[in-house]
Each structure stands twice: as structure tokens, then as C-alpha cells.
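Asker: Given chain Y, put chain W in place with the hints provided.
Taken in order, these protein sequences are the chains called Y and W. Each step along the first sequence adds one to the number in our numbering, with nothing skipped, and position 9 is 9. Each step along the second sequence adds one to the number in our numbering, with nothing skipped, and position 284 is 284.
Honestly, the hints are just simulated from the structure, not real lab data. In this text, all values refer to a predicted model and were calculated from it rather than measured experimentally. Glycine included, C-beta positions come from ideal geometry on N, C-alpha and C. Among the hints, a few may not be true.
Which residues of chain W face chain Y? A partial, calculated answer using Cβ under 8 angstroms [said to hold, decoys possible]:
#1 Leu-17
#2 His-21
#3 Ala-22
#4 Ile-81
#5 Gln-136
#6 Val-138
#7 Gln-146
#8 Pro-155
#9 Ala-163
#10 Ser-164
#11 Asn-184
#12 Ala-215
#13 Gly-216
Only pairs whose alpha carbons sit at most 30 angstroms apart, straight line, appear in this in silico DSS-like list of lysine-lysine [unchecked claim]:
#14 Lys-338/W - Lys-125/Y
#15 Lys-419/W - Lys-338/W
#16 Lys-249/Y - Lys-197/W
#17 Lys-197/W - Lys-250/Y
#18 Lys-125/Y - Lys-65/Y
Beyond 10 angstroms from chain Y on every Cβ pair, some chain W residues (computed) [what the hints assert, rightly or not]:
#19 Gly-170
#20 Ser-226
#21 Leu-319
#22 Ala-381
#23 Glu-395
#24 Val-421
#25 Gly-422
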Amino acid sequence: MSRITISGTGAVSPAGWGVAALMEMLRDGVKAECSTVERETSDGRAITSRVARVPALTDKGLLPKSPRLRRTSPIGKFAAAAAFEALGPVRLAAAQAGETRVAVICSLMNGCVNYSNRFFGEVLKDPAFASPILFPETVYNAPSSHLSAILGSMAPNDTLVGDAAEIFTALELATEWLLRGDCDLCVVVAPEEVDWLSAEAMGLRSREITPSEGAGAVVLERDGDGPVLLVIPDPVTYSEVPNRVEALKKLRAEFSEDDGATLLADGRMGIERIDAVENEVFADWKGPRISTKTLLGEALGASASLQLVAAVEMLKVGDAEKALVISLGGNEQAAGCLLGACWGGRGALNRGGRF
Amino acid sequence: MSASLNSQPVAYRSDQLPPTHARPVVITGAGIHTSMGGGWAENAEGFRAGRMAFREVDLFDVSRQRVGTAGQALMPDKPVISTLSKKQWDRMDRGTRMALTAAREALEQAGVSGALPIMVGTSAGAMPIGEAYYNQAVEGLSKRGQFFRVESYQPQRQMMAMASALGIHGPIRIISNACASGANAIGQAFQMVREGKAERVLAGGYDALSQLVFAGFDSLQALSPSGIPRPFDAARDGLAIGEGAGFVVVESLESAAARGAKPLAQIMAYAAATDIHHLTQPHPEGDAALITMSVATKMAGIEPGEIDYINSHGTGTPLNDIAEGRAIQRLAGADVSKIKVSSTKSAIGHLLGGAGSVESVICLMTLEGQWLPPSLNVREADEFCTFDLLRETRETTVNTVLTNSFGFGGANATLIFRKEVGA
Numbered sequence: 001m002s003r004i005t006i007s008g009t010g011a012v013s014p015a016g017w018g019v020a021a022l023m024e025m026l027r028d029g030v031k032a033e034c035s036t037v038e039r040e041t042s043d044g045r046a047i048t049s050r051v052a053r054v055p056a057l058t059d060k061g062l063l064p065k066s067p068r069l070r071r072t073s074p075i076g077k078f079a080a081a082a083a084f085e086a087l088g089p090v091r092l093a094a095a096q097a098g099e100t101r102v103a104v105i106c107s108l109m110n111g112c113v114n115y116s117n118r119f120f121g122e123v124l125k126d127p128a129f130a131s132p133i134l135f136p137e138t139v140y141n142a143p144s145s146h147l148s149a150i151l152g153s154m155a156p157n158d159t160l161v162g163d164a165a166e167i168f169t170a171l172e173l174a175t176e177w178l179l180r181g182d183c184d185l186c187v188v189v190a191p192e193e194v195d196w197l198s199a200e201a202m203g204l205r206s207r208e209i210t211p212s213e214g215a216g217a218v219v220l221e222r223d224g225d226g227p228v229l230l231v232i233p234d235p236v237t238y239s240e241v242p243n244r245v246e247a248l249k250k251l252r253a254e255f256s257e258d259d260g261a262t263l264l265a266d267g268r269m270g271i272e273r274i275d276a277v278e279n280e281v282f283a284d285w286k287g288p289r290i291s292t293k294t295l296l297g298e299a300l301g302a303s304a305s306l307q308l309v310a311a312v313e314m315l316k317v318g319d320a321e322k323a324l325v326i327s328l329g330g331n332e333q334a335a336g337c338l339l340g341a342c343w344g345g346r347g348a349l350n351r352g353g354r355f
Numbered sequence: 001m002s003a004s005l006n007s008q009p010v011a012y013r014s015d016q017l018p019p020t021h022a023r024p025v026v027i028t029g030a031g032i033h034t035s036m037g038g039g040w041a042e043n044a045e046g047f048r049a050g051r052m053a054f055r056e057v058d059l060f061d062v063s064r065q066r067v068g069t070a071g072q073a074l075m076p077d078k079p080v081i082s083t084l085s086k087k088q089w090d091r092m093d094r095g096t097r098m099a100l101t102a103a104r105e106a107l108e109q110a111g112v113s114g115a116l117p118i119m120v121g122t123s124a125g126a127m128p129i130g131e132a133y134y135n136q137a138v139e140g141l142s143k144r145g146q147f148f149r150v151e152s153y154q155p156q157r158q159m160m161a162m163a164s165a166l167g168i169h170g171p172i173r174i175i176s177n178a179c180a181s182g183a184n185a186i187g188q189a190f191q192m193v194r195e196g197k198a199e200r201v202l203a204g205g206y207d208a209l210s211q212l213v214f215a216g217f218d219s220l221q222a223l224s225p226s227g228i229p230r231p232f233d234a235a236r237d238g239l240a241i242g243e244g245a246g247f248v249v250v251e252s253l254e255s256a257a258a259r260g261a262k263p264l265a266q267i268m269a270y271a272a273a274t275d276i277h278h279l280t281q282p283h284p285e286g287d288a289a290l291i292t293m294s295v296a297t298k299m300a301g302i303e304p305g306e307i308d309y310i311n312s313h314g315t316g317t318p319l320n321d322i323a324e325g326r327a328i329q330r331l332a333g334a335d336v337s338k339i340k341v342s343s344t345k346s347a348i349g350h351l352l353g354g355a356g357s358v359e360s361v362i363c364l365m366t367l368e369g370q371w372l373p374p375s376l377n378v379r380e381a382d383e384f385c386t387f388d389l390l391r392e393t394r395e396t397t398v399n400t401v402l403t404n405s406f407g408f409g410g411a412n413a414t415l416i417f418r419k420e421v422g423a
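Okay, chain Y solo, but in the shape it has when bound:
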């Protein structure tokens, strides 16, 4: 039987550009540095928001050279850096040479907020002078379009929009494409960018949230090297159940794993009121547990992708036999997936793991 494996990971986060920076931050348990974004209202008041931003890119080699990325907003660069790290240079070259069909799925919650903000500001000022360069970059699928263009791949390319748990639908779609033979590899990437609009919006939910940004990416293929995708249950939409506790309980029931050896990569962010549902439903969890958002902040659709990347990396070095990744989205669904140890015996369990 064909297995869907995760054969590459990529990450951009407040920890830095690359998976290594992400894992180092998680290992050290250091919280992302915060800065502030400031803007002025029309009546002259300054409003500041605390955010955890992705640091400036110092190693230009982490981004492929492409005219498509010259004008893109940060979200496009995050998506590209994470996706191409996940692919690696050999597979990128094979795709660009037309030897490999690489499909792209981008999952988003907020999308291209920087340019949308700027463009709409220009429209309100005077639409006759609104920039035609900005507008195309405001479209949800601009980041995924750039990826396919740089890859030189005409394979399917989709952008999915949902709440912070949307990446699991993207993974499920990727399995469809791979099993059908629509592509040889599928990159699933979930990027988000922060600016004052999104930062203030998150503050309306709780001032304790640290708005964040970044991207996590995984490469899926049939029977490749890497952890195996075991289960992606239907997301539990909130309209099906009376409350979020029931949604998460229903989701958890889809997985039998609680054997003490399964890693739980959850979506807690260290804020009691927001974490209460996950605390309640997984109070009895016996295995190891990581909560990446407690260090990285809330990056909306990107957060679950970074949880996923961290879980895959831990499986690769044998820190767990299986990993359960879950996300309790804000207004649509509870969703998750179960991953198994590396296919083909590579990355065998390392009891003396790093975490």
C-alpha cells in the first residue's frame, strides 16, 4: 500500500529563517523577541502593538533569486523561503528542469495584509492614483502563484482559506493529488505576515496574545523518506457540536494514540483563558508535549504549520514514535493529524533525544 511521507520541512519564524533556528529556539525554550508596530489614527493618536516579527533576512541565499519575489510583501518571501528549504536544492533543480511535477498548496487565514492595507489606504486617498503594482499582491493566491512560477511547474496550485487549523485540509488535499498522480511532490505551506491591522485585530481577542508571523512548509510524496502521514480525520466544524470542548473531544476520539510515546504538538499559547479547552481535553495526556506558540506567538494560519514542522523534526531524530498535531481554530474547526515514525526505518527511535 502506498504511503504518504513527509520528506522535507521548511520554516520561517521569529526564531529566524530556517528549521534549525526554529528547533534551536524550541530546544532552548527561549521566547521570541518582541518589537512594536506603531501607527497614527486620523485624529493624530499613536497606537502601538507588541509583535514578534521574523528577523530581517541576512543570508540572501535562503531565498531563490526571482523577479517574482522582487515586489512581493513579506508573506510571499516567507512562503518561498520555507517552501524551498523544504524542497532542498536538488529537488528544486529537478523541478525547474521539468523532471519533477511539484504541486503547491498554500493555506492561509489572514493572507496578504500588508499590501491590502497599503492599497486600500491609497484607494481611500484617491483611487485614481492607487498603485497597480500593489493590487495583484493583495490576492490570496499571490504567494502560491510565485512558488509555482519559480519552480517552473504547471502542476496544480491551490490556495485554501480558513481559520488557524486550515493546514490540515491542505494536507488532506495534498494526499488526494498524490494518490491520484496529479503530481510527484506536493509542497504545503502556510505563511502569514503581521502588521498593525492584524496585530490590533488579535488584540481585540486578548491583549495577552503576541501577534506573530512566519511560515511552515512540508513536502509530501508517495513512499519517500521521512515520517509517515497516518491519519487526517475530517475537521470537526463548530456547527456540528455544542462547544469547542466537544469539538476537540470528537477530534481526539479519531486518534487512539495516548501510549506515552506519542508526541502532542498542541496549539496552546500560554494564556489560561485561551488554552482552557486544550488543557481540559488533553489533561490526561501521558506522552511528551510541545506548545510552540508559547514561544513563537500567534501567527494565525502559520502557527499550526510550525507545530507540524517541529513534530516532524522530532520524529526524524527519534524523540517520539508518533506525533499528534492539533489546532483549535478560531471560528471554524478543530483539526489535526497523526504522524508515524520515519518510513523505511530511517530516523529510528532515539531514546536519548534532544527534547
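Answerer: Here is chain W on its own, set in the frame of chain Y:
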């Protein structure tokens, strides 16, 4: 008759992969809302009569835009469903109201409710609510209502509200591939049912007019200054924006037959590809469009000459129409003159994320009524139009139709429908 069982979850399980054999897929219900009218009957009558439905935009300020008209739809100001309160209706954005109206018609015609996956295509979602959030934030006066706006501008929140109002529930997949989104939604629903991952799916697309998007297309000088789009005309000068929604119930033939539902058509094929030429411009030879049409005709098991009608993407922009025209020429070869083509965007404008699904419903109308809608406003057809460009409504035998949708970012999609239903 009401069916509420979705026999299988859409989930992935490595030890329970879906069957490899494909099964026939049909459409058992369809709904539509556009500037032409509300519902199947008004739209079918309007397209058959060759009517145009553009009017002055009064939803936002267009006084500084080059163009002031669009395919703005008329919307009732009270709920279209008796179980929906006025407050719930008011909380829905304009696009969701259109989606609700079209989806309700599709579900009622199909006679289904309850648990079923929902596939939706949209490009802008509830953008006007996001615009309202921005306006109030910039003013900096008050946070009153802002949390609601933050939540409600998100399309998944709106689609959840729509699903609740319609009495359906299940996984929601929102595809945002710009102007191909609606076709992608129907196509992915088709694949899901075809491969046995679901018995039936509600699928469609929608988009409403919004200031940001209207100004965006104007900034690109993609809008026809006259407000009258002329797809395939030699002197075409741009598109007109429209708004609306189209939804269908996609169902296995087996399921439809078991509950005695009469199919409107069979979905024969779907194909998607990515045009990597440019973010906003198609490859001049229509390479990706050729791929999707070629793959789709092969999947449908037909030769291009057997296609009775192509509902083209046909925006009316100089670059789109020639690229699509070249792709049709390359697809059909010596048979190109037999292929009947028109663009219904000439009547209602470009519905962006809703275009592919609305045009799919129009295709279903042609199969049901045995007529083909015209491309309006063509004064002199461009020389690349070696196909049979329909400039007037044609009453003819229609059995197999193809619809194209192309979007910003290079999303290309083709669907093929057939009147005769069979294995």
C-alpha cells in the same frame, strides 16, 4: 424527499485509501444569483433573451474611478429563509447572502440537507466587512463592533453561518484561486465524489462587489472604460466587474438513483493547471488553458469536435481573449470552426471567485433548455476567432459543454458537462 447521510468522511487514513476505480458523478441541484436575476428561471430567461445586466454602482464611492458601472445584483433586504432572523441576515455580508440564496436553490432542487462536505470558491470573501473594519480603525474613534468585523470578514465564518442557515454541516473547504475558484470548487467536489470520498457535496462560488477589488481592477486599467465589455471583439478594451453566486449539488449517480433524484447533467471531467507566465497575464499561446482543455476532453473520452459549446472565460481584456482563443484553436485543430463559443461575462460581467460556478450553472441551463447564449456587444470579431463565435442566441442540440475559468496567479480550470447521464 430529503437525504441527509454522507456515507463516508472525506478524511485521509493511510490504512484505508480510497478505491482506485472512478464512478459516475452527476449534478442533482443548481442555484444561481446574478445581476441578471435571482434564481434559475430569471437567469435562464435573461441569458436566453440576450439581455445585458449592468447598472450604476451605488455600494461605494466610484466618483474617482474611471468606470462607474458593474454587474451589480439586486438583493432583497430581508432574509430569504424563514428560519433566518433579520439579525442573522444583517450579520451576513453581501456575498454570503448571494451564496446562501444560490445554495438554497441548489439544495432544494436536489432535495438534500444535513451532513455533507461544502466546497466553496471565493476570491474576496467578505471584503466589505474588512473594509469597514479598516475605515473605523483608521478613524481611531471607537472599537465598537470591531471584534465582530474581524471575525465576520473571514469567509469561513460566513460560510459556517450559511451552512447553519441551510441546515447542513460538514467539512468546509474554501478555495481562493482568484477567478478560477468557483470552477475549482466544483471540480474538487467532482473528484471527491468520483473517488468515493463522499456521496454528495455542496459546491459553488461567490463574490460580491467591493471597493478594494473594484479599484484594484481599475488601477490595472483592466476595466472597460465604457462599462460595456466586448469579449472577442477586435476593439475590446476590458472587462466589467460583476457579482453573484452559483452553487450545485454534486452527487454520485448511484446515490442519486437510489433516492430517485433526477440529474441535471453528468460531470464528465475536470482539469486544473497553473499558468506560470505572469502573475496577472496569461501565456500568449494559452498553454495552461490548452492543458486543462486537453486533459478534460481526454478524461471525458471525447474529441474536441464533439464539444457542442464552450462557455469561455472570455473576460473582454485584450490579452485574455487572444490567449484563450489560441488555446481553443490548438485544441480543436481542423475542427475549430465547429466549436461554438461565447462569453456570458458580456451580459453580467466578471464574477471573479463566483465566475466559474455561475458559468457552470449557465452551462446546465443550456443543456436543459437546448439553447446557447450569445457573446454580446461584438461589433467586429477579432481575427483569431476562427471558432463559431455566437453573437446571437442559438436554439440547437446541446449535449456536451465545456467551461473555462482562468485566474490571477495562473489558476486555470476546465469542466465538462453532459446532458445524457450514464456510466
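Asker: For every hint, state whether the structure bears it out.
Answerer: Right, here's what the structure says about each hint:
1. Leu-17: With Cβ-Cβ at 6 angstroms, under 8 angstroms, it holds.
2. His-21: violated, 13 angstroms
3. Ala-22: Interface hint status for Ala-22/W: violated (10 angstroms vs cutoff 8 angstroms).
4. Ile-81: violated, 16 angstroms
5. Gln-136: violated, 10 angstroms
6. Val-138: With Cβ-Cβ at 6 angstroms, under 8 angstroms, it holds.
7. Gln-146: holds, 6 angstroms
8. Pro-155: Where the cut-off is 8 angstroms and the nearest Cβ of chain Y is about 6 angstroms from Pro-155/W, the hint holds.
9. Ala-163: holds, 6 angstroms
10. Ser-164: holds, 5 angstroms
11. Asn-184: OK, holds: Asn-184/W within 8 angstroms of chain Y, min 7 angstroms.
12. Ala-215: holds, 4 angstroms
13. Gly-216: Holds, about 4 angstroms.
14. Lys-338/W - Lys-125/Y: violated, 51 angstroms
15. Lys-419/W - Lys-338/W: holds, 19 angstroms
16. Lys-249/Y - Lys-197/W: Satisfied, since the Cα-Cα distance of roughly 24 angstroms is no more than 30 angstroms.
17. Lys-197/W - Lys-250/Y: holds, 20 angstroms
18. Lys-125/Y - Lys-65/Y: Outside the cut-off at roughly 34 angstroms; violated.
19. Gly-170: Violated, since 7 angstroms does not exceed 10 angstroms.
20. Ser-226: holds, 18 angstroms
21. Leu-319: At roughly 14 angstroms from the nearest Cβ of chain Y, Leu-319/W sits farther out than 10 angstroms, so the non-interface label holds.
22. Ala-381: holds, 29 angstroms
23. Glu-395: Holds, because the least Cβ-Cβ distance between Glu-395/W and chain Y comes to about 38 angstroms, which exceeds 10 angstroms.
24. Val-421: With a cut-off of 10 angstroms, Val-421/W remains clear of chain Y, as the shortest Cβ separation is near 23 angstroms.
25. Gly-422: holds, 23 angstroms
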